[in-house]
Structures are given as C-alpha cells and as structure tokens.
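If you read the protein sequences in the order shown, they are chains D and S. Mind the numbering: the first sequence is residues 644 to 759 in our numbering, read in order. Mind the numbering: the second sequence is residues 64 to 179 in our numbering, read in order.
A few of these clues could be false.
[Said to hold, decoys possible] Facing chain S, from chain D, some residues (calculated, C-beta under 7 Å):
| no. | residue |
| --- | --- |
| 1 | L682 |
| 2 | G685 |
| 3 | Q691 |
| 4 | A730 |
| 5 | F750 |
Think of the hints as simulated: they come from the structure by calculation, not from any bench. For every residue, glycine included, the Cβ atom is placed at its ideal position computed from N, Cα and C.
Each chain is listed here by its residues.
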Amino acid sequence: ETGVTQSPTHLIKTRGQQVTLRCSSQSGHNTVSWYQQALGQGPQFIFQYYREEENGRGNFPPRFSGLQFPNYSSELNVNALELDDSALYLCASSPGQGTSGTDTQYFGPGTRLTVL
Amino acid sequence: AQKVTQAQTEISVVEKEDVTLDCVYETRDTTYYLFWYKQPPSGELVFLIRRNSFDEQNEISGRYSWNFQKSTSSFNFTITASQVVDSAVYFCALSEGGYQGGKLIFGQGTELSVKP
Numbered sequence: 644e645t646g647v648t649q650s651p652t653h654l655i656k657t658r659g660q661q662v663t664l665r666c667s668s669q670s671g672h673n674t675v676s677w678y679q680q681a682l683g684q685g686p687q688f689i690f691q692y693y694r695e696e697e698n699g700r701g702n703f704p705p706r707f708s709g710l711q712f713p714n715y716s717s718e719l720n721v722n723a724l725e726l727d728d729s730a731l732y733l734c735a736s737s738p739g740q741g742t743s744g745t746d747t748q749y750f751g752p753g754t755r756l757t758v759l
Numbered sequence: 064a065q066k067v068t069q070a071q072t073e074i075s076v077v078e079k080e081d082v083t084l085d086c087v088y089e090t091r092d093t094t095y096y097l098f099w100y101k102q103p104p105s106g107e108l109v110f111l112i113r114r115n116s117f118d119e120q121n122e123i124s125g126r127y128s129w130n131f132q133k134s135t136s137s138f139n140f141t142i143t144a145s146q147v148v149d150s151a152v153y154f155c156a157l158s159e160g161g162y163q164g165g166k167l168i169f170g171q172g173t174e175l176s177v178k179p
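Next up, chain D with everything else stripped away, as it sits in the complex (with noise of 0.2 Å):
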C-alpha cells in the first residue's frame, strides 16, 4: 500500500508569485486535507476536500485554494505570495467522508516552502 506523497520536497519563491504543492493520496482515500506548519507550531488546517468539492476550511485567506482529483491527487496553489507563508504544507488522506471526524488522518512528508 503506497502512503501520502508530496512534490516539490523543498520550494524557494519570492513574494508576490504564486506556488502550486501537490500530493498524492493514499489509494481509496476519498479525503484530502492540507495543513500549514510554522517553524515551531502545530499544523493549522487550510481546508479540506472530498469527491473533489471543498468540504470544509480553516481560517486561510481565498487566495490559498485547492483542487483535488478523481486519482487521488490533489493540488494546493497560493497566490500572491506573502514571507508568512513560508512554512511546512502538509497534506494528509483520510478513507472516509472526512467530515465526521472517526477518520484517521494519514501525512505525507510535506513540503517546505521558503519565501524570499
């Protein structure tokens, strides 16, 4: 059974551009969900998304936005980057609807995403 991926491994931009992380799920995962870690905080949630719809977010501006699709990948793009958003974005697959919260919630390794 293959885990969570994610690609780039490390991302150097500067402000104002945009960034697009991306991820793999576990196989059967109908749920994805990608969370931003500071240096030295726990991972805050962005937002969620099964069967391919937004199922739920966090406090995160619009410019943080996300697809996912029917292979399981799903994609995090941020716009008009800012150096807070330099962090740690993971993201994690989850079996079931996600939204009852029963699921066990699966990371990949993350990627880290510097801006300059």
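Starting from the known structure of chain D, arrange chain S on it as the hints suggest.
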C-alpha cells in the same frame, strides 16, 4: 471553542527513563476524537493513536501508553524506557464529530530529546 494545550515545550531525558507528555483539550462537543502524532526531523507526521470520547480505557502499545481522562480533559502519553529513536516532536490533536468535524486541531507540540 476547541483548543489543545501541550504545556511542555521541550523535555530532555536520558535513555531508559520514563517520560510523560501532557495534553489538555477543550471542546463543547460530546463526540470527539483525540490523536497523538510523532514528527521526526524528516517532517512527516506519523500517526500513533486515536481515541474517541466514549472510550476512556487506557491503552498500551509496547513501550507507549495513553491515559485518557474526561474528568480533567486530558489525554497524556507515556513512553516507558525511552530510547534515542523516540527523539521527535509529539503533537496531540482533537477532531470533532459532525459537519466540519474532519479538521484536526493541534497543540503546539512537545519536543522530546532522549540522550544516550
């Protein structure tokens, strides 16, 4: 409001010592789920355990044990006979049932350092 507090920012022990990581949570829901994750230096969050609010039985898995007490809203994690490989940041997380229950609310994490 939901909240998870891990008051211990850093703990340092010598190998073979026992160590307990504290976690206190706040929620108004009667149905909720508690998790512990381990984050080694590689960055990936590794799932350790999930507990639902109706199951207060303590759990033991090898050198790991968890003590869930609803009366004090705590879900503490003990490592017995710690080893150097246990060195990591440990996160406690809360997930609520119902709509938007899929998001995980993390504590700030406790960095555990086990010295030989």
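Hints violated by the structure (listed by number, smallest first): Violated hints (numbers, rising): 1 and 4; every other hint is consistent with the structure.
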